[in-house]
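Protein chains in written order, with our numbering: chain A, 1 to 342; chain B, 1 to 287.
Simulated from the structure, these hints should not be mistaken for laboratory data. It cannot be assumed that every hint is accurate.
Computed list of chain B residues with no C-beta within reach of chain A, every gap over 12 Å [claimed, not checked]: (1) Ile100; (2) Met112; (3) Val149; (4) Trp156; (5) Ile182.
So, partial list: chain B residues that the calculated Cβ filter (under 7 Å) puts toward chain A [said to hold, decoys possible]: (6) Gly115; (7) Ala141; (8) Leu142; (9) Phe225; (10) Ile264.
All C-beta atoms, glycine included, are put in the ideal place defined by N, C-alpha and C.
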Amino acid sequence: MLKFASLLTQPATKYALIVLALLFPLVASNEYQVYVMASAFIWAIAVYGLNIITGYCGQLNLAHGGFFALGAYTLGLLSADYGWSFWPAFAAALVMTAFIGLLVGVVSLRLKEHYFAIFTLCVGFIMYMLMDKWEELTHGPIGVRDIAAPHGFGLVDFTETTPFYYLVLAFLVFAMWFMGKLSRSLLGRTFMAIRNGDELAQSLGINLMRNKTMAFVLSTTYAGMAGALYAGMVRFIGPEDGNILHTFDMITYLLVGGIGTLSGPLVGTLGIVWLTQSLQFLEEYRMILFGPLLVILVIFFPRGIVGSFLGWLHRRAQSAALPAAKKKESRIQTGKGVENNA
Amino acid sequence: MNLFFQNIVNGLTLGSIYGLVALGLTLVYGILHIPNFAHGALYMVGAFMSYFFMVDLGAHYWIAMLGSAAVVAVLAVLCERLVFHPLRHSPPIHDKIAAIGILLFLEAVVQMLWGADFRRMTTPFMGIMNFDGLIIPQQRALIIVGAIVLVIALQWFLRKTMTGATIVAMAQSREGAFLVGIDANRVAMMTFAISGILAAFAATLYAPINLVYPAMGHVVIMKAFVIIILGGMGSIPGAIVGGMIIGFAEAFGGFYISSSYKDIIAFGLLVAILSFRPQGLFAKGAH
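Model the full structure from these sequences, guided by the hints.
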């Protein structure tokens with residue numbers, strides 16, 4: 001059992017998963033499933049962004065859904081109203097979310113904990129209100145139609161579901177690869193140090209403001225990338241895409257999967273998206289399940305599926321190693337509740 | 001000039017409601033240091049309970065208000081017992097996420113029971129009072145008077161009763177309160193009950209000139225958060241003054257600047273103020 005479980009943490013699992021993902025459209029029974037999977041991947045990218053600022057850096061950003069919608073709107077408006085083609089508009093969406101992320105970050109990250117969460121809640125709400133009310137720019141409640149699909153330079157047609165699925169998969173793999181690099185880099189460890197203790201990190205000589213802003217901009221860029229892909233997939237967006245409920249959805253995905261872990265966002269997003277798909281009738285009332293689920297998770301399993309699994313593995317490995325050799329050398333104990341999950 | 005007074009009345013009305021909601025929020029924050037994102041859902045449930053008592057059970061407006069306050073108080077205490085109490089030693093991010101969970105749950109339940117439609121709540125006070133050209137709808141007058149009465153009652157409770165004094169003591173210093181033998185659980189439950197009662201009263205007062213629907217708490221709770229940040233989290237006078245600032249900014253901004261952007265004004269104000277004073281308007285380094 002332990003052997004099998006520790007297999008899951010091997011690098012080979014990663015490649016097996018990629019192969020499985022590549023094969024998925026071939027084994028899926030219909031196109032709709034491929035579509036659902038592609039949208040789950042898009043959400044997963046956004047959740048990875050949330051993981052950077054909230055999971056690694058410890059700042060609960062409630063404007064994340066707003067930045068997702070900002071990316072979608074930037075791409076949508078540039079392509080529908082100004083005739084840009086997909087890829088330039090996509091790049092513009094990334095720049096836009098990074099830039100607005102920088103502006104919001106510089107102001108909001110001076111605030112701590114509750115103040116930051118409430119401030120970003122307001123920022124997200126302002127974004128939603130602007131999408132709804134600023135009709136000259138955003139078309140208001142009617143939304144944006146005729147959004148360009150990604151063009152495949154004559155090689156592939158991304159308006160088809162399956163090629164689009166592979167495109168999203170490529171972005172997801174890139175997002176996860178970057179995340180892995182980040183979490184093992186000095187920068188990622190700096191983020192974790194900030195999460196584990198603001199003051200301690202500062203006394204180690206970490207520039208709080210600069211690093212937090214970095215994490216924030218990275219996370220909003222992730223959100224913008226996901227939003228732009230989303231706009232390219234559904235080709236129609238409206239103010240409801242900026243609703244605060246989407247932020248709450250993403251927090252649920254992150255928490256179920258495991259906050260501050262590498263594979264948590266993917267596990268949580270895929271798990272919940274497919275769970276809601278199989279409970280279609282629940283769509284409107286899904287929160288009756290998710291609300292209590294969130295509460296139960298933070299009380300009993302605050303580290304989510306992946307975090308709890310890694311913790312269990314860690315304990316098993318330790319208890320197996322203990323009787324074998326009484327270790328004399330001093331060991332760094334991992335802190336309670338925070339696994340530095342690389 | 002008449003329009004100007006009209007706007008003052010509107011500002012007072014809005015400020016009263018926001019102030020009441022913010023008071024509950026700030027009390028809970030002062031005692032337990034929880035930003036209760038579910039407070040807006042309690043407000044919404046308060047409106048729906050009054051609606052239920054009045055329309056479905058045919059109760060009088062006042063009876064409905066009291067019934068709704070009782071239900072929401074029990075609900076708030078349940079939230080404290082079942083959710084926030086087990087989380088008291090967790091990192092602060094967990095409280096916030098759990099509060100969001102409660103918010104999502106309550107909204108979904110209300111939507112399942114009553115649907116997402118907008119409902120109108122009629123009360124016996126739908127008439128208008130005309131003071132020589134200055135028109136004040138009765139319900140608005142009721143809101144202003146009601147808010148003043150509630151604030152005075154709350155002040156009396158906190159200052160003059162033993163139970164109230166324990167709440168104030170705990171807000172001033174947790175350790176000090178424990179030292180003199182104050183039961184923290186009782187104070188926490190009491191505080192949540194009061195915040196629920198205030199939310200239910202505010203919702204029942206405001207719903208007749210607004211509409212009743214499951215998402216009605218969103219904007220109000222966010223404005224209440226803006227208010228308690230402006231007024232200093234945990235400060236009771238701050239909540240009242242902040243409520244009035246936002247209420248007047250909205251009434252006058254909505255009239256003289258743009259009515260469709262009036263909901264943004266409060267948030268724009270917050271962003272502007274926090275950009276220059278990260279600790280809020282009145283707080284003394286409390287951040």
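Against the structure, the hints:
1. Ile100: 6 Å, violated
2. Met112: Given that some Cβ of chain A is not farther than 12 Å from that of methionine 112(B), nearest at about 5 Å, it is violated.
3. Val149: 29 Å, holds
4. Trp156: 29 Å, holds
5. Ile182: At about 24 Å from chain A, isoleucine 182(B) clears the 12 Å cut-off, so the statement holds.
6. Gly115: 10 Å, violated
7. Ala141: At about 30 Å, which exceeds the 7 Å cut-off, the nearest Cβ of chain A leaves the hint on alanine 141(B) violated.
8. Leu142: Since the shortest Cβ distance to chain A is 29 Å, the answer is violated.
9. Phe225: With a closest approach of 5 Å, the phenylalanine 225(B) hint holds.
10. Ile264: Check passed: Cβ of isoleucine 264(B) comes within 5 Å of chain A, closer than 7 Å.
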